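**Q** Chain by chain, the residues:
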Amino acid sequence: QKEVEQNSGPLSVPEGAIASLNCTYSDRVSQSFFWYRQYSGKSPELIMSIYSNGDKEDGRFTAQLNKASQYVSLLIRDSQPSDSATYLCAVKFNYGGSQGNLIFGKGTKLSVKP
Amino acid sequence: DAGITQSPRHKVTETGTPVTLRCHQTENHRYMYWYRQDPGHGLRLIHYSYGVKDTDKGEVSDGYSVSRSKTEDFLLTLESATSSQTSVYFCAISESGLAGGRETQYFGPGTRLLVL
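Keeping their order, the protein sequence lines are chains A and X. For the record, in the first sequence the residue sitting at position 78 is 78 according to the working numbering, with numbers rising by one throughout. Counting from 1 along the second sequence, just add 1000 to a position and that's the residue number in the working numbering.
Keep in mind that the hints were calculated from the coordinates and are not lab data. Any given hint could be a false lead.
[What the hints assert, rightly or not] Taking lysine-lysine pairs in the BS3-like style, the calculated list, with each CA pair at most 30 Å apart, reads:
| no. | chain 1 | residue 1 | chain 2 | residue 2 |
| --- | --- | --- | --- | --- |
| 1 | X | 1070 | A | 109 |
| 2 | A | 106 | A | 56 |
| 3 | A | 2 | A | 109 |
| 4 | A | 109 | A | 67 |
| 5 | A | 42 | A | 113 |
| 6 | A | 109 | A | 56 |
| 7 | A | 2 | A | 67 |
| 8 | X | 1011 | A | 42 |
| 9 | A | 106 | X | 1057 |
| 10 | X | 1053 | A | 2 |
| 11 | A | 2 | A | 56 |
| 12 | A | 42 | A | 2 |
| 13 | X | 1057 | A | 67 |
| 14 | A | 42 | A | 109 |
| 15 | A | 109 | X | 1053 |
| 16 | A | 106 | X | 1011 |
| 17 | A | 67 | A | 106 |
| 18 | A | 56 | A | 67 |
| 19 | X | 1011 | A | 113 |
| 20 | X | 1070 | X | 1011 |
| 21 | A | 42 | A | 106 |
| 22 | X | 1070 | X | 1057 |
| 23 | X | 1053 | X | 1011 |
| 24 | A | 42 | X | 1070 |
| 25 | A | 42 | A | 56 |
| 26 | X | 1070 | X | 1053 |
| 27 | A | 113 | A | 2 |
Every value quoted in this text rests on a predicted model; they were computed, and no experiment measured them.
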């Protein structure tokens, strides 16, 4: 059973701080990693994708991947109240060469306080 | 935004009635997916399609069927709705199922279904 684990939160940070969201997954042979943001009552929207170990930066967002430790994280710098949402981690597992589907974590709810 | 629409956006139905949800895309993407999202469970894959008339089951396919007769449309049918199928249903699309970038999934706006 492939699993993706996230702390459900809520994670509360003050405006302007760095928010750190973490995700662990169960299988070393994983290919692709995604972070989605979902506002209440809305659909998930893609923030970042990452495929190789290390950091990937896009504006205020940085995704970090460590395949050896099987975790992927999302850092949000200069957090704003508009960043308050649920953040979903998704992992694409490789089933012995065949292409697996995305497995989603249950999400971490982030609250940024003004 | 990816060109994905879902219809209806909201539906209330009674136990035992058939229900069909539609997903329509204008991106000409090969892959289409149906998910349900429930509190405490997150997003779970119901069925997916990798081409016209090519579909496969996901994690929670019992009680659901799908059809894809055109690239742009993917239908999800609840043959006989039950209260346990009350959920928010999301359609997603991707260019490819292969890793490397084009497998990124984009989501439609969702359908809220209440089965009484």
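**Q** Is the Cα-Cα distance between residue 42 (chain A) and residue 113 (chain A) 30 Å or less?
**A** holds (21 Å)
**Q** Taking 30 Å as the top limit, are the C-alpha atoms of residue 1053 (chain X) and residue 1011 (chain X) close enough?
**A** holds (26 Å)
**Q** Is the hinted pair residue 2 (chain A) and residue 67 (chain A) satisfied, with a Cα-Cα distance of at most 30 Å?
**A** holds (15 Å)
**Q** Just to be careful, I want the Cα atoms of residue 1070 (chain X) and residue 109 (chain A) compared with a cutoff of 30 Å; is the pair within it?
**A** violated (37 Å)
**Q** Is the straight-line distance between the alpha-carbon of residue 1011 (chain X) and that of residue 113 (chain A) 30 Å or less?
**A** violated (35 Å)
**Q** Quick one, are residue 42 (chain A) and residue 106 (chain A) close enough, alpha carbons at most 30 Å?
**A** Holds, because 15 Å separates the two Cα atoms, which is no more than 30 Å.
**Q** Assess, step by step, whether the Cα of residue 1011 (chain X) is no farther than 30 Å from the Cα of residue 42 (chain A), and give holds or violated.
**A** holds (16 Å)
**Q** Given the hinted pair residue 42 (chain A) and residue 2 (chain A), is their Cα-Cα distance within 30 Å?
**A** holds (26 Å)
**Q** Mind checking the alpha carbons of residue 2 (chain A) and residue 109 (chain A) for me, to see if they're no more than 30 Å apart?
**A** holds (22 Å)
**Q** Tell me if the straight-line CA distance from residue 109 (chain A) to residue 56 (chain A) falls inside 30 Å.
**A** Given pair residue 109 (chain A), residue 56 (chain A) holds - Cα atoms ~22 Å apart, limit 30 Å.
**Q** Regarding the pair residue 106 (chain A) and residue 1011 (chain X), is the alpha-carbon distance no greater than 30 Å?
**A** Judged against 30 Å, a Cα distance of about 25 Å means the pair holds.
**Q** Between residue 56 (chain A) and residue 67 (chain A), is the straight-line Cα distance small enough, at 30 Å or below?
**A** holds (14 Å)
Checked against the numbered hints above, the structure violates hints 1, 15, 19, 27; every other hint is satisfied.
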